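Trainee: Line by line, the protein sequences give chains A and B.
Mapping to this note's numbering: the first sequence position 150 is 150, numbers consecutive.
Mapping to this note's numbering: the second sequence position 20 is 20, numbers consecutive.
Simulated from the structure, these hints should not be mistaken for laboratory data.
Hints are not guaranteed to be accurate.
Ranges of calculated distance between the beta carbons of each label pair, as one might list FRET restraints [what the hints assert, rightly or not]:
1) B:Ile198 with A:Leu156: 25 to 35 Å
2) A:Thr126 with B:Gly196: 35 to 45 Å
3) B:Val55 with A:Tyr161: 51 to 61 Å
4) B:Leu483 with A:Gly63: 25 to 35 Å
5) B:Lys248 with A:Pro66: 32 to 42 Å
6) A:Gln124 with B:Leu483: 54 to 64 Å
7) A:Leu143 with B:Gly200: 22 to 32 Å
8) A:Met7 with B:Trp222: 18 to 28 Å
Bear in mind the structure is a predicted one, so any value in this text is a computation, not a measurement.
Even glycine gets a Cβ: it sits at the ideal position worked out from N, Cα and C.
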Amino acid sequence: MRLAELMMAVVLAIFSAYLMWKSAELPIGWIPGEGPGGGAFPFWLAAGMLLSALWILVRAIRGITPQSRSSEPYFDSQSAVLIGLVIGALVLMVGSIHLVGVYGAIPLFFVFYMKIVGRHSWLQTTAFAIGAPVVTFFFFEILLHITLPKGFTEPLFYPLYDIFM
Amino acid sequence: MEIIQLLLNGFLVALEPMNLFLVIVGCAVGLFIGAMPGLGSVNGVAILLPVTFIVPPTSAIIFLAAIYYGAMYGGAVSSIMLGIPGASTAVATTFDGRPMAVQGRADVALVAAAVASFTGGTVSVILFTAFAPPLAHVALAFGSAEEFALMLLAFGTFIGLGGDDIPKTFFSILIGLVLSAVGLDVISGQPRLIFGDIPGFFHGINFLVLAIGIYGIGEILWTIESSRGEVQVSKAEVSVKRILSALKEMVGCIKSMIMGSFVGYFVGLLPAAGATPGSIMAYGFAKTMSKNPDSYGKGNIDGVAAPESANNAASTGSMLPMLTLGIPGSPTTAILLGGMVIWGLEPGPRLFVDQTEFVWGLIASLYVANLFALLLNIAFIPLFIWVLKLPFTILAPVIFVLCVVGGYAPTQDLHDVWLMLLFGISGYLMRKLDYPMAPMVLAIVLGPLAESSLRQSLLLSEGSLMVFIERPISGPIVAVAMLLFLLPVFKAIKKKRAAGKEPEDGSQG
Chain A
1 MRLAELMMAV VLAIFSAYLM WKSAELPIGW IPGEGPGGGA FPFWLAAGML LSALWILVRA
61 IRGITPQSRS SEPYFDSQSA VLIGLVIGAL VLMVGSIHLV GVYGAIPLFF VFYMKIVGRH
121 SWLQTTAFAI GAPVVTFFFF EILLHITLPK GFTEPLFYPL YDIFM
Chain B
1 MEIIQLLLNG FLVALEPMNL FLVIVGCAVG LFIGAMPGLG SVNGVAILLP VTFIVPPTSA
61 IIFLAAIYYG AMYGGAVSSI MLGIPGASTA VATTFDGRPM AVQGRADVAL VAAAVASFTG
121 GTVSVILFTA FAPPLAHVAL AFGSAEEFAL MLLAFGTFIG LGGDDIPKTF FSILIGLVLS
181 AVGLDVISGQ PRLIFGDIPG FFHGINFLVL AIGIYGIGEI LWTIESSRGE VQVSKAEVSV
241 KRILSALKEM VGCIKSMIMG SFVGYFVGLL PAAGATPGSI MAYGFAKTMS KNPDSYGKGN
301 IDGVAAPESA NNAASTGSML PMLTLGIPGS PTTAILLGGM VIWGLEPGPR LFVDQTEFVW
361 GLIASLYVAN LFALLLNIAF IPLFIWVLKL PFTILAPVIF VLCVVGGYAP TQDLHDVWLM
421 LLFGISGYLM RKLDYPMAPM VLAIVLGPLA ESSLRQSLLL SEGSLMVFIE RPISGPIVAV
481 AMLLFLLPVF KAIKKKRAAG KEPEDGSQG
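Excised from the complex, chain A in its bound form (with noise of 0.2 Å):
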């Protein structure tokens, strides 16, 4: 835990500073008759979360706050696989949407999830992942007109828009 608390103050001084660079691509100065130039409010803010990063950075180091007097791990192990397992088959999902869309994407989020990670029933893992797609279908495409992106599914749902819309 210290370890982390140390490198996250670090990590988040160094992203910091490069936000304060960032901002300074815009005027950060005063600027005659248009007051403030645009990278000023990002540029000070920045600047501040610099100097907060730093605070941390000294606190933890000093050991003042509880995690950096912490001797348990960041992440146990058995933590460690299912937050991992977890976050891997978010980026695989929303990854997967750009190739077969949100209709594709789901359901086989559905199956991995709820059978590997919750080992429930077909009968139940299948119920979710047809009904959500469905569900998601009607409320955005059909009542609130919002195209969800389908890849290459796209012209399956030529006659589902005839249909409804």
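Here the structure of chain A is known, so what remains is to put chain B in place on it, guided by the hints.
Mentor: Same frame as chain A, but now just chain B:
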């Protein structure tokens, strides 16, 4: 007296069978739209605006007002049930609503939200009826300096009363503000903070992307880790008896509900402020005035009642600048304003004189919508509780899918979904180290308003910061905000004196 007569006429209009039907349908549709993470009253009103062109203007606005109110209630539902604010106006509701649901008191929190919303709506309609014209003048006296002072006050309550690690709270607020600055600079129109030249950053970072990422993805990851992915989200129960006893419990919240209504109504009146800062400030005030501020954030019923009464009061309040001055107080009223122009009604001072049926029909229908939203919301509580009782390995993928679809819907850009995932994971990692997340979400919501009010004030004062202190309204607000910023320092000094042996303790306050 004349106003009461007009209001009664308004009620007669609102209670015509056709209009009453529209109110009920609108409330039900609004409730579901609001309960979806990612969709709020703005989306509901915007999407259904074209539908209203087939009915007369008065019926149309009644329908939209019903959606508006329904969505305001619905936002609280997802805040409490899933811990994901359904809309920016419901951010403050998650702070105590979510802990209550985790403790198995989701039904009490839902009843509290419904009753508080109803109270807020009632108080604001009375205030609207009685004090509409003079209040419009006071609100106009609020310039950019005063708005910025209000923002400072909102952040001050987090530092002074948050109880979290101080530098971590500062960091959280600041990063939220910087993220809100991504996109096109409002004043110069130049692109800024476009990371890696990715075009998706040009439209800025929608607060919903951060809120859904942190409260949706991050919160569920947190729950999966702490529960090993097995348990149910909450051991919620529901029965008529429990709902009745929850209603009784609400009697104790009268003070925070009334306070929330007044704060919300007044902040709602301010042009461009609206219900979000209103609900956040009401939460801050309730916490400040409470005898037991430490119980906030851990499931205090007042922490649900205050912001919920405020956001409903503010939604009525924000109608006032829209109707009288043509200045919308919130994104939703901006869309309503657009609708009014299409219906051929010209907003402005003349509206109250020329279109009395429309104005008072609107006010009365807000009230009727308020009542129906309350009834529908309480009627749906068993359904909401049933959802909560699903095993977590079913609920988690459902919430993840809701987050992904909800994150996509507002901008229809997959870039935002990736960003949401990134925020969710990094927010979860930071939260494990006790970085508070709520200030970050609030900061990204209030950021654009804070920046534009700061820059406008500095422009007018030619760079002098004295403008915030000298003006009669902003001066005292800034002073209170500064006191709140310094409060942790005083507390630390006091603690040091009290316990001389322990030289420094990280968790002040």
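Trainee: Which hints from the list above does the structure break, by number from lowest to highest?
Mentor: 3
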